[in-house]
Every structure is written in C-alpha cells, then in structure tokens.
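Undergrad: So the protein lines, in turn, are chains A, B and C.
Our numbering applies: residue 1 is where the first sequence begins, and numbers increase by one.
Our numbering applies: residue 1 is where the second sequence begins, and numbers increase by one.
Our numbering applies: residue 1 is where the third sequence begins, and numbers increase by one.
Incorrect hints may appear among the rest.
[To be verified] Computed from the model, here is a short list of chain B residues facing chain A with C-beta under 8 Å:
| id | residue |
| --- | --- |
| 1 | A9 |
| 2 | S21 |
| 3 | L61 |
| 4 | Q69 |
| 5 | L73 |
| 6 | T74 |
| 7 | L80 |
| 8 | L129 |
| 9 | G139 |
| 10 | P143 |
| 11 | P270 |
| 12 | L272 |
| 13 | L276 |
[What the hints assert, rightly or not] In silico lysine-lysine, PhoX-like type, Cα no more than 25 Å apart, as pairs:
| id | chain 1 | residue 1 | chain 2 | residue 2 |
| --- | --- | --- | --- | --- |
| 14 | C | K175 | A | K275 |
| 15 | C | K175 | C | K458 |
| 16 | B | K279 | C | K175 |
[As the list claims (entries may be wrong)] Covered stretches of chain C, as calculated for chain A (at least 3 residues, CB under 8 Å):
| id | segment |
| --- | --- |
| 17 | 87-101 |
| 18 | 150-163 |
| 19 | 180-189 |
| 20 | 357-365 |
It should be emphasised that the hints constitute simulated quantities derived from the structure, not laboratory data.
C-beta: ideal position from N, C-alpha, C; glycine also.
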Amino acid sequence: MRSTAWLMWLGACAGVLWTTRNPLYLVLALLCIEWVRASLVQRTSPSVLARSSISPARLVVFMVPLSALLNAVWTRAGDTVLFRLPSWLPLIGGAITLEAVVFGALNGLVLAGFITAFSVLNRALPVRALVNLIPRAFHSLAVIVSIALTYVPFTLRQAQAIREAQLIRGHALRRVRDWLPLFMPLLAGGLERALQLAEAITARGFANPGRGNLRLEALALVGLLLAGLGWLVRLLVPAFSGWGWAGLLVGMGLTGWSIWRLGKRIPRTHYRLEKWTLKDGLVIGAAVLAVVGLHVPLFNRASLFYDPYPVLTLPLFDPLIGACILCLAVPAILLMGDSPE
Amino acid sequence: MSQTPRPAARWLSIGTYILISIIGLAAFLYPFWLPAIEPSGISGHAQDAPVMTLLLIGLCLIAIFLDAQANGLTTKTIALLGVLVAINSVLRFIEVTIPGPGGFTPIFFLIILCGYVFGARFGFLMGALTLLVSGLITGGVGPWLPYQMFTAGWMGLSAGWLAALMAERKRRTTDDGRPILPSSVVRRPSSWPLLPLILFGALWGFLYGLIINIWFWPFATGPAAQYWQPGIGLAQTLQRYAVFYLATSAGWDVFGAIGNAVLMLLFGLPTLRTLLRFKGRFTFNYRPVQVVSGSAQLSEA
Amino acid sequence: MISFNQVTFTYPNAAQPALQNVSLQLRDGSFTLVVGESGSGKSTLLRCVNGLVPHFSGGQLLGDVRVLGFDPVQAGPEVMSQQVGFVLQDPEAQFVMDTVEDEIAFGLENRALPRQDIRVRVEEVLDLLDLEPLRARKLETLSGGERQRTAIASVLAMRPRVLVLDEPTSQLDPKSAEDVLNALVRLNADLGLTIVLSEHRLERVLPFVDTVVALFAPSLERELHIGTPAQVMPHIDLAPPLIQLAKALDWHPLPMTIKEGKAFSAQLVRPEIASAPAAAGAHTNMAPLLDVRHIDFGYGPQPVLKEVSLQVRAGEVLALLGRNGSGKSTLLKCIIGLNKPKRGEVRLDGTSTAGQSVAQLSQRIGYLPQDPNALLFADTVAEELAITLRNHHVPAAELQPRVAAALHQLGLADKAQRYPRDLSTGERQRVAFGAIAITQPRVLLLDEPTRGLDYAAKRQLVRLLSEWRVAGTAIVLVTHDVEMAAEIADRVAVLSQGEVIAEGAPAEVLATSPWFAPQISRLFPATPWLTVEDVLKALKSL
Numbered sequence: 001m002r003s004t005a006w007l008m009w010l011g012a013c014a015g016v017l018w019t020t021r022n023p024l025y026l027v028l029a030l031l032c033i034e035w036v037r038a039s040l041v042q043r044t045s046p047s048v049l050a051r052s053s054i055s056p057a058r059l060v061v062f063m064v065p066l067s068a069l070l071n072a073v074w075t076r077a078g079d080t081v082l083f084r085l086p087s088w089l090p091l092i093g094g095a096i097t098l099e100a101v102v103f104g105a106l107n108g109l110v111l112a113g114f115i116t117a118f119s120v121l122n123r124a125l126p127v128r129a130l131v132n133l134i135p136r137a138f139h140s141l142a143v144i145v146s147i148a149l150t151y152v153p154f155t156l157r158q159a160q161a162i163r164e165a166q167l168i169r170g171h172a173l174r175r176v177r178d179w180l181p182l183f184m185p186l187l188a189g190g191l192e193r194a195l196q197l198a199e200a201i202t203a204r205g206f207a208n209p210g211r212g213n214l215r216l217e218a219l220a221l222v223g224l225l226l227a228g229l230g231w232l233v234r235l236l237v238p239a240f241s242g243w244g245w246a247g248l249l250v251g252m253g254l255t256g257w258s259i260w261r262l263g264k265r266i267p268r269t270h271y272r273l274e275k276w277t278l279k280d281g282l283v284i285g286a287a288v289l290a291v292v293g294l295h296v297p298l299f300n301r302a303s304l305f306y307d308p309y310p311v312l313t314l315p316l317f318d319p320l321i322g323a324c325i326l327c328l329a330v331p332a333i334l335l336m337g338d339s340p341e
Numbered sequence: 001m002s003q004t005p006r007p008a009a010r011w012l013s014i015g016t017y018i019l020i021s022i023i024g025l026a027a028f029l030y031p032f033w034l035p036a037i038e039p040s041g042i043s044g045h046a047q048d049a050p051v052m053t054l055l056l057i058g059l060c061l062i063a064i065f066l067d068a069q070a071n072g073l074t075t076k077t078i079a080l081l082g083v084l085v086a087i088n089s090v091l092r093f094i095e096v097t098i099p100g101p102g103g104f105t106p107i108f109f110l111i112i113l114c115g116y117v118f119g120a121r122f123g124f125l126m127g128a129l130t131l132l133v134s135g136l137i138t139g140g141v142g143p144w145l146p147y148q149m150f151t152a153g154w155m156g157l158s159a160g161w162l163a164a165l166m167a168e169r170k171r172r173t174t175d176d177g178r179p180i181l182p183s184s185v186v187r188r189p190s191s192w193p194l195l196p197l198i199l200f201g202a203l204w205g206f207l208y209g210l211i212i213n214i215w216f217w218p219f220a221t222g223p224a225a226q227y228w229q230p231g232i233g234l235a236q237t238l239q240r241y242a243v244f245y246l247a248t249s250a251g252w253d254v255f256g257a258i259g260n261a262v263l264m265l266l267f268g269l270p271t272l273r274t275l276l277r278f279k280g281r282f283t284f285n286y287r288p289v290q291v292v293s294g295s296a297q298l299s300e301a
Numbered sequence: 001m002i003s004f005n006q007v008t009f010t011y012p013n014a015a016q017p018a019l020q021n022v023s024l025q026l027r028d029g030s031f032t033l034v035v036g037e038s039g040s041g042k043s044t045l046l047r048c049v050n051g052l053v054p055h056f057s058g059g060q061l062l063g064d065v066r067v068l069g070f071d072p073v074q075a076g077p078e079v080m081s082q083q084v085g086f087v088l089q090d091p092e093a094q095f096v097m098d099t100v101e102d103e104i105a106f107g108l109e110n111r112a113l114p115r116q117d118i119r120v121r122v123e124e125v126l127d128l129l130d131l132e133p134l135r136a137r138k139l140e141t142l143s144g145g146e147r148q149r150t151a152i153a154s155v156l157a158m159r160p161r162v163l164v165l166d167e168p169t170s171q172l173d174p175k176s177a178e179d180v181l182n183a184l185v186r187l188n189a190d191l192g193l194t195i196v197l198s199e200h201r202l203e204r205v206l207p208f209v210d211t212v213v214a215l216f217a218p219s220l221e222r223e224l225h226i227g228t229p230a231q232v233m234p235h236i237d238l239a240p241p242l243i244q245l246a247k248a249l250d251w252h253p254l255p256m257t258i259k260e261g262k263a264f265s266a267q268l269v270r271p272e273i274a275s276a277p278a279a280a281g282a283h284t285n286m287a288p289l290l291d292v293r294h295i296d297f298g299y300g301p302q303p304v305l306k307e308v309s310l311q312v313r314a315g316e317v318l319a320l321l322g323r324n325g326s327g328k329s330t331l332l333k334c335i336i337g338l339n340k341p342k343r344g345e346v347r348l349d350g351t352s353t354a355g356q357s358v359a360q361l362s363q364r365i366g367y368l369p370q371d372p373n374a375l376l377f378a379d380t381v382a383e384e385l386a387i388t389l390r391n392h393h394v395p396a397a398e399l400q401p402r403v404a405a406a407l408h409q410l411g412l413a414d415k416a417q418r419y420p421r422d423l424s425t426g427e428r429q430r431v432a433f434g435a436i437a438i439t440q441p442r443v444l445l446l447d448e449p450t451r452g453l454d455y456a457a458k459r460q461l462v463r464l465l466s467e468w469r470v471a472g473t474a475i476v477l478v479t480h481d482v483e484m485a486a487e488i489a490d491r492v493a494v495l496s497q498g499e500v501i502a503e504g505a506p507a508e509v510l511a512t513s514p515w516f517a518p519q520i521s522r523l524f525p526a527t528p529w530l531t532v533e534d535v536l537k538a539l540k541s542l
C-alpha cells in the first residue's frame, strides 16, 4: 500500500528530526528529505487547488534566522558573547550569545525539516488516498469528507455563475457588504443541494451506522485518560519519566485498539486495493532502519545529544548513524527509475 | 436532533467533554506551568513535550469525533455537513488566493453560526472538518493540522453551547397558548442574538490565533529546556510569551477578531435566517408512532 | 406488482394533501409515465414507491402501498433500495465520489459485498449504460446526460427490479435526454426492468411507454387516469402539438409518434393547402435595435465565436438554436458584456456598448441566465425585485410603485411576500425575470428559459414574452425547444461551431431542417406550417 509506505517514511523523518540536535545529522536529514521532494516535484504535477510547494531553500532561509534571532534575544545562556544590548530594554536587554543563536538555528532546521517532509506527503498522495486512510470507525466522517471534496469544484463553478448573475442585475463590489449577494445564493443553493443529496443517498441505501458499542467507546476514553496521565507524569515527575511514556503509549494503544474494533463492526468493503510492491517494502524497511538505527546502543549515541551550551563545541559525527539517516533518501532513489509525467 | 440517549451514553458524552476540556486546557498551557514547576536543570525529557502534546491532542480529537459521530449524525446531517464544509473550504481557498488583511479569515463566521443553529456537536464537526478539507485541497497538511482542527472544532462546539445558554429565552408557546413544535416554526430572530454573536465571533477570532500561537511557540523556540535559568517563575514565562506573541502574531490576530466581528455584523442576520429556514427540513426524524391498519403517523423529533 | 390502494398523503404542516385516494396497479415489466402539472403530486407518488415518502419527508400517509410484496412504509428506504432504484432530477446533486467507477462502487461498498462481486457488478453496469469509455473520468467533467447515466448506473448496481426516475431529463439538452431515454428503453426491453418515470416533455417519452398515469392535484377533484397512452392522453389538457392537433381534428386512435401521425396527416395535405402562406413578419424596414457585428471570441487560443453577426429589431423575437457547445450562451454573454470580444462590437440603438460596465449595460439589456437560482437570495419576492432597483440607484420613493407594477405584470402579486426559493420552477423563473427586467430594458436576452418548465409554465412564459414584444423590446431567445421557437419567434438563427449557419423566417429555417423541425412541420413536410394554430387556421380558411 503505497500510502502506508509514505506515512511510515513521514514517521521516520519525524523520528529522526526529533531525536537529535546534532547540526550535522540535521543537515543530512534535511538534504535527504529535500532530495525526495525535488524528485517528486519533477515527476508529478500539483493538484489544481494546491498552493505550489514552498521550496525548502526558501524555508530554511526564512525559518533558521528567525528562530536563531528569537532564541538569542531572550536566552541569556552561553559563554561566547557576541554583543550586549542595553540592559534597560525590558526583556531583551542583556548579552546576546553565540550559543543561543546556534540553538535557535538548530530549532529552525528541525521545523524546516518537518514542513518539507509534510509537503512531500501532500505531493505524493492524491487527496482521495488520504481520505481512504481514515479508519473505518469514522466511516461517516469519511463520507462527509468525500462529499465535501466532490462539491468543492462544483461550488467554485457556482460561485462564478452567481457572480455573473449578480453583475447582470447591476451589482458592483465596492464595500464588504456587497459580498452578501454573492454568498447568500451560494449558501441557500448549497442547503437545497444538501437536501437533494441526502435524499439520493438515502434512496441508495446509505444509512448512518449509528451508535457503535458503548463499551468500546468507553475504552477509547479510558485510553485517553491513561495517555493524559502518562503525559502529566512524564512532565512533572522526572523520576518516573519512563513510566510517563509508557502511559502515553499504552493509552494510545488502547484507544487505537478500540477504534479498530469499532471499525470492524461497520460492514464495509473496498473496491480499490492498493497493491504491495517491492518499492513499498524497501521504503518501509528504510524508514524502520532510520529510526531504529538512532537508538541502537552499538552506535555512538552520544553524538546525537548535541548541546551548544554552555560553550560552543564542534559536533561529533558517527558514520553509522549517518548511514541510517541516509535511509531517508530511499524514496528518491526508487523514484529515479520513474520517468517524469 | 437525535434520539434521547440512554443514561450510560449520556454519562459517556459528559465524561468525554470534561476529560477533553481538562486535557485540552492543560496541554495548551503547558509552556506556562511547566517551567514554574521545574525550576532546575536541563531536563532532557521535557524536549519531548511538543511531540507528546501533539499525540495527546490527536487522541482528544479521536474521542470527540467518536462522540460527535455517535450522537450528532443522521443521513441528512451527513449530506448537510458535506456541502457546508465544501462551501467553507471554498471560502478558505478564496482567502488563500486573495489575501485579506492580516489574520482575517472568513471560515470562522460560518463555523460559529452552524454551531449556533445546529448544535454543539454539529459545530465541532463543522470546524474540525473544514480545517481538514481545506488543508487537503490547499496542500496544507502538516503537523499543525490536529491543533487547527481541535481549536476550530472548539469554536463550533462553544457556539452550540452559547445557543443552548440563550435558549432559555426562546418562546415555547404562541400567544394563545398553543405549543410551538421545534421544527415547525421558522424563527425570525430579532437583532438581539446578533450582539452576543458579534462579541463571540470577535473573541474567537482572537483566541484562535492566540491558541495556535501557543502551540507554535515551543516548536519555534525550542523545548522548555531553555528555561534552565533557576527560579524562573510563571510571571517571567508569561512575559516571554507576551513578547513572542506581540512580535509574531498579535497584529495578525487583531485583524482576525475585527474581521470576524465585521462579518458577523454584516452577514450574520441573513445567514442566520437562511440556516434557520432550512433547519426544520434537516432535523426531522421519522418515527412511526402508531401503525393502524394501513396508516402511519409521524412524530417530530 | 406495484399497487397503491386508496393512498392519501399530507406533508407536514401542509394544508392540503399532496395525494388523495390514489389507487393504481402497475404490472411487472411495464414502462410507465406519470404525467401531471406542478402540484399534482407526481414526485410524491414516485417517492412512495421506495419509501422516501414518508420516511425522508415526514407527513401522514394513509392507505396501502405494496411494491414487489414489500410495504415501503414498514420497510423504509434502506431495505427498499435493494428492490427499487431511485434517480433524481438534478445531475449535480446525487454524487458522493468524484469518478464514475468509484461512484458506482460506493453503494456496493456500503453493502459490504465481497470485492469480486463489486467488480463484476461495476463492469456489467458500465456496459449496460455505455459508460465504459468514461469509467475513469471525473464526474465534474461529464455532460449532464453522462452524469444522469452514471446516476442510473449507480442505482442499477444494486440489481433492483424497479427503477423510478423523477424528471431525469428536465435539466438536460435534447441530445443528452435522448441518450438517457434510449438507455432506459433498452433496460426495459432487454432486461425487463420495470420503469416508472415522470417527465414534462412528453413528446420525448410517449413513443416508448406502455402505460401512462395522469395525476391531478387534489384540489381540482379530478379522477386519476391510467391506461395506454392513447387511452389517457385525451384527458390531459396540455400535451405535445401532435396530440393537440390530433384531439382537435378528432384522429382515432391517438397517434403518439410522427409516424403514426403521418397516417392521418397525409390524407389532409392537398396542393391548395400546401401553398397557403404563413404569416409574414413586418419588420424588415426598421433599423436594428440590437446590432451584433463580427464578434470574435475565445476563452483561450481556441476560437468559440467566429465573425458572428446578428440584428434584432424592436418588437422582434430572434430564436437562437444550435447544438450544445456551439457558442450560444457565450454569444449572449458577449452581448451583455460579461465576455469581452476580441474583435467586433455590439451596438445598442446605434451606439456601441464598448467601454460600458456590465452593471451599466444591464439597465438597458436584461439577461436571464440559465440558472435563475443564482440570482435569488432575498427574503421575499418583492424585496428581490427591489434589490435590482437599488443596485441601479433608483430613489427610494419610486421603489414601491415600480415593484408593485412589475409584480402585477408577472402575475406574482399574490406571492409578493413569499420566499422566492420556495416557489415552483416556473414561478422562480418569473421572479428572476422580474429581477432583471424591472429596469424596463430595451433588449431581453434569455438563455434556455424553458429548462425544467412544464407546459403550463411555458405557456405563461410565451404570454409574458409576447407582452414585452408588443411593448417594443428586442428579444433574443436561446433555446433547444423548437416548439417554443415555432410559436413565438419572428426570426430564427442557427449557430454551429461558433458561426451562424442559417438565418431567416421560422418557416424557412425550422421547417426545412431535419433536426430543428417542430412536430407539426414533420407531420406536414411540404408546408410552411409550424404550430397547431397554423394548421387549424389554414384548414379553416378552406
């Protein structure tokens, strides 16, 4: 299933970006993600309505300095002072240190990496594929999203027709109030259409699945409670931080399981099946390797925890961990075989 | 809008909303109370806080979706939501291509009114799904999406609660004492619901930006580990947030608030009238009360 | 197999019942047409068959309905959907997914059929309705007819035994309508599917059906009629020209097709009748009020209009005919200024319209768009008319009298305070007409005004246009409805691929064209007669 493979790749990117602050690793990860994005952009065309993908070069240029600036301005940590702002300035007065700048820049890198990875997902998966990922327990919501996606192009055409219709009765768009004759027919027409649509799908035998099992829903809630407690524990009680994560994960598992069981109660089959291919397996394998490799005690894990404070030092680099991070570029390698559309 | 739920189901619903309110509040505000409680040392695990919070908010969304789906949906409202979400997404798309001033966005106005007219759960779904669908069509799916969905959903949810609050003053009988059935009357609202709605819209126009910003803050400025300066208290944190907020999005959100208020003022009444006019046709539910040799009666829900 | 027994149904909050004591039986495998004017309860009757009434609509149902042994009232639409497929009128309001295949599969997926079964059914239904070449196409790119066929396909995939359609072709152009009806005929003939449909444009359907049900509104207190077309049609007042003529001339049995009519009409035609001239237009000497000169227009590099020139004089009605996509609507939009032509100009009363905004032009040129619903948004009909006047900065003191006068002329005075979108199709169109014509324009442009109208509403439209014609307005009427063109047009022009290929008096253009000939023309091919009145007048003068 191609979409699952992409999702796992995204998860791996997130995992790598969040686990380390080492600038060398971060830059490597960012380059891999950007390579995947560039090869995808070459080979696909964006959907008509999507904004053009923001090129990450622009992102890095924007995000990194901003982050660096913000951090530098109100953190007094670090030993290498660049210059001093007058202390009478309310919050930002004081020493501006190099370490703070670097720390901020690293944050910016992480953020840029996230945004680029998500833009890859937007580009790689058609919108309907994303809708198909909605778990079966939320089938009614998936239908709502389907209907909405189907009606967006129609609504755009309607808006155009309404604009023309109002023009030919003398309407002119001068003030904000003049948008009303454009919006009201759209709304009223939409409501009428919704009623007809409801009739049509009722006549085709669609009915709201209704209430699922109360017990399973209660279980999902218990999962949420557990996750919340785990979160609290992790943040508040340093001694039991491991338990905190455990609580969160168990809570998530519980909720996930109850969702899965609820989904099973809704009878539904799929017409379209995405087939598993070797490429998907490779991508998933690479994703797993990338994340796992960062946590294997064999490698030089110390290099992951880079901290510019209190004094700026050169970051370490372990080639094995670097190789694991390179796994993020596997989709780009696989895409090289495809010709551009 | 739906059958009267069994007592256990009602408790489950109430429990869901209470739990989510607590968690939601705590999760959004953790950058403030966390440093106050953790005065010393670089705590490496606090680095995970944004990721954990994201997962937690995802779980909250799941819980509310389960509740809203089970209690608030019929075939008619599914179609209605689909079309309304489409209209709102088009508004969002227009906003993206023809940028208005600052944080002005036309989508909140419809979310609030739908929540007000059709109920809290409908409003929640309207808000959350609008953000989802408009994210899908503009290619803006990102790690911010669960937060946007959650906050916009809260907007619609609270609008429904606002309507419930103001319902006490709705007329229940006509002048000569006959009861008014809920769906058989097109209520012609006077202007007075408009003022609370305008204030509500302005408030949320502002709050939305504020809340999304609170999420973005730890991402942008790194984990709470930076507060390793001992003794930093709540006041300091608030100050820092205030600076960050002023620098990045205060102006934005003011436009959001003003824009919402203006939209509500100019378009609120006609939209409200139209929605109410159609409400009766959508909230009808058929229940055969008695079947007497070939005749079937309905009952209003 | 479908039986109604003393069925009376009242919608919630309605004063009058929609159906009163309806009893009828339809046999297995029949192809039934339900006729009746607006308000006669056709839609309600059709919806009783699959349980949408009363489950979806609410209301009180008395009496017995049995479909294939099921009671729809007890079973409800969900169960009935497996026996009865229902197709609605609007080809754009029935879909959940965005491609043809997915839409067909949607209902089956919800039934949790095994994947193989779904695939088999999708294939068979694509073949049945000739949709195979379109299977991966997005629904928004399809024509109205193709969309309706997709809608039929998606209900057929459940393998129902009855197919019910509520005005399936009223929003379609003649070509698409023919495709849909041909598909239905095949389904009925080859598969033995029982089909029940309602339709306003009877001439399209009558040749194919074997049973007709004529409904009348309960307030009229007339009996329902059911039987073969030849039995029932005499009881219906408004009918296609062929049948009106047959009734007037007392032909038995009533002919349903041109072929049957020819058997009678051939006896009538004698050389002296054929030479009787039709009424001539008397406008040839005046200067044109609307002068369209050499318009060139294209949305992109492809030209849509090539060197189009037309003239319309005051008090003249020009009917513009042509296939879908030939550029008729585009031409109207060029005239009103919504499209800016690349070359050429439009002159109104001698002066060019170039440089004027649409809002300015709209005071003197009234344009009624294809979808009048796009215009309507006010709370009352009177307010709707007033809005146009306000747009044109008419002083407040004049609003009331002008609106009242317009309402009176349109015949909507008693509906002045109603919500416009709640009215019937014909009434809504008249409100939209009022909204664009209240400024007393000298030129009227109407884009396919007959879409979705029944005979009574069309008659009212003809009357309205005649009044405006008498007042000296130049009217351009884009239509597919050749009968209406025959009735009201002074001149006819045919547009094809952006060029005017024929222009002249109706008797010249319509009578001689195989595609555009009205029914009367086809009955009497060697004559200039176009309408029933022509024939009767000619016969009387002998």
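Undergrad: Would you pick out the hints that fail for this structure and give their numbers low to high?
TA: Violated hints: 2, 3, 12, 13, 14, 16, 19; rest satisfied.
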